[in-house]
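Number of protein chains: 2
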Amino acid sequence: MTTFHKNIPLDKRIIFALDVETDDEAKKWVEDLDGQIKFYKVGLQLFLAGGFPMVEWILNRNLEVMLDLKFFDVPQTVASAVKQLNGRGITYTTVHGNDAILEAASQAKKDVRILAVTVLTSLDQSDLKQLGFQCSPEKLVLSRARRALELGCDGVVSSGLEAPKIRHELGQGLFIVVPGVRPVENRPDDQKRIVDVKSAFLGGADHIVVGRPIKQAKDPAILIQTMQGHINEALRLRSA
Amino acid sequence: MTTFHKNIPLDKRIIFALDVETDDEAKKWVEDLDGQIKFYKVGLQLFLAGGFPMVEWILNRNLEVMLDLKFFDVPQTVASAVKQLNGRGITYTTVHGNDAILEAASQAKKDVRILAVTVLTSLDQSDLKQLGFQCSPEKLVLSRARRALELGCDGVVSSGLEAPKIRHELGQGLFIVVPGVRPVENRPDDQKRIVDVKSAFLGGADHIVVGRPIKQAKDPAILIQTMQGHINEALRLRSA
Chain A
1 MTTFHKNIPL
11 DKRIIFALDV
21 ETDDEAKKWV
31 EDLDGQIKFY
41 KVGLQLFLAG
51 GFPMVEWILN
61 RNLEVMLDLK
71 FFDVPQTVAS
81 AVKQLNGRGI
91 TYTTVHGNDA
101 ILEAASQAKK
111 DVRILAVTVL
121 TSLDQSDLKQ
131 LGFQCSPEKL
141 VLSRARRALE
151 LGCDGVVSSG
161 LEAPKIRHEL
171 GQGLFIVVPG
181 VRPVENRPDD
191 QKRIVDVKSA
201 FLGGADHIVV
211 GRPIKQAKDP
221 AILIQTMQGH
231 INEALRLRSA
Chain B
1 MTTFHKNIPL
11 DKRIIFALDV
21 ETDDEAKKWV
31 EDLDGQIKFY
41 KVGLQLFLAG
51 GFPMVEWILN
61 RNLEVMLDLK
71 FFDVPQTVAS
81 AVKQLNGRGI
91 TYTTVHGNDA
101 ILEAASQAKK
111 DVRILAVTVL
121 TSLDQSDLKQ
131 LGFQCSPEKL
141 VLSRARRALE
151 LGCDGVVSSG
161 LEAPKIRHEL
171 GQGLFIVVPG
181 VRPVENRPDD
191 QKRIVDVKSA
201 FLGGADHIVV
211 GRPIKQAKDP
221 AILIQTMQGH
231 INEALRLRSA
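Which chain is which? The protein sequence lines are A and B, in order. No gaps in the numbering here: position 73 of the first sequence is 73 in this note's numbering, and each next residue is one more. No gaps in the numbering here: position 164 of the second sequence is 164 in this note's numbering, and each next residue is one more.
The hints are simulated quantities; they were obtained by calculation from the structure and are not laboratory data. Predicted model, so just to flag it, every value in this text is computed and none were measured. Where hints are given, some of them may not hold.
Each pair may be met inside one copy or between any two copies, as identical chains are not told apart.
[Unchecked claim] Here are the simulated DSS-like pairs of lysine-lysine, each with C-alpha atoms no more than 27 Å apart in a straight line:
| no. | residue 1 | residue 2 |
| --- | --- | --- |
| 1 | K27 | K218 |
| 2 | K215 | K83 |
| 3 | K28 | K83 |
| 4 | K215 | K109 |
| 5 | K6 | K110 |
Working from the sequences, and respecting the hints, build out all of it.
Here it is, written out as structure tokens:
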């Protein structure tokens, strides 16, 4: 492993998912987490509530934003949508799709980074079969990630299970963002489909997206500190 | 065939695609088409420019809106997004996805109708293979449409080629919206992947989505009149 961690500071390793109904709730969370977390995910729910004014409110506080709208439309439409995101100071946006869609998105972007959604974490193998996919999620994710990079995407959204293979096969340059991470360490009897924070970063994640565990914690500040401790540890091991 | 055409007036059969960069352009088109077309599609590009204020501007003129954002995210997020659309007077919205996603969308909706995107018109069979699908687009579209209805969706977005089979197999109740239609009749030497207006409605479409052909017409008003003539003719034949 190399020591190249893209110099992402610890307070931007956790991307807090602002999965809330209103601007007011979102602002309250950003204010509550002030000084601890400097990166926020705005998804469909909040974007439909607050739109760009909400995104700008976050950016104006010197924080970063992942605008997670998961575009999946014909290439020309996705390109037009990505163009609407340029020049706003948004760090990442997300795109599904086939080669033509990912290529259109990559060509349309200027400052915003394009992350390809390799596979939704809520889809398991039986869902994939129902959708008509014949191969395993792992193979699908790796082949999609490889194509995404070749087509000019900056990285991928991937589950913690597939991240290590992607990092190993595709190198240190791409950004890997991992949602659905368990905040504390797995006990031996836990189901293995969800990785914990430390494993996610040992496996090569650049960021994790965390919402509910922090929102539901008795003391979010302490949980965040603990998670950031694990992240630090993993990053030190990775560069050792 | 039955005579049930859901009483959709002729000026709401064509949904004009407002695929433009700015609010101003969109408003100009709506004003120019005043009296001729009373149904408008707002997609990702325009929604990212104008947001709900743009949608409301259209609705306030007593026109209908299809908000075509093609949601494709985990079920909970799609449900939250759909909830943000309830009570706004939007007629249709669009959702991709697996059973869990479509079910979540259907359960979350109140007044907005959910259309399942069966397959993107820009995806052909080789794209589908590359995505890992093994069956033909036709089979995939029909099986997705059937599941979508069973899960509570109100209809589908489908190509004109698959619409007849969907209408025939799944009955008159569902809404079928067809994009990518040729405004004038096919000549014998035309490629067959795109159907013309009359064929789309003969095949069971409730609406067609048209943008570029009208925008690029020398005289949009005359083209629209011609298309509406074809629609009338097809609907008369369907109910004969």
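Now for the hints, and whether the structure bears them out:
1. In this homomeric assembly, K27 and K218 come within 27 Å of each other (Cα to Cα) only inside a single copy, at 20 Å, whereas the closest approach across copies is 49 Å.
2. Only between protomers do K215 and K83 lie at most 27 Å apart by alpha-carbon distance; the minimum there is 21 Å, versus 33 Å within a single protomer.
3. Only between protomers do K28 and K83 lie at most 27 Å apart by alpha-carbon distance; the minimum there is 21 Å, versus 30 Å within a single protomer.
4. In the homo-oligomer, the alpha carbons of K215 and K109 lie at most 27 Å apart only across protomers (26 Å), although the nearest pairing inside one protomer, at 33 Å, exceeds that limit.
5. Taking CA atoms no more than 27 Å apart as the test, K6 paired with K110 passes inside one copy only; the shortest distance there is 19 Å, against 46 Å between copies.
In the structure shown, no violation is registered for any of the earlier numbered hints.
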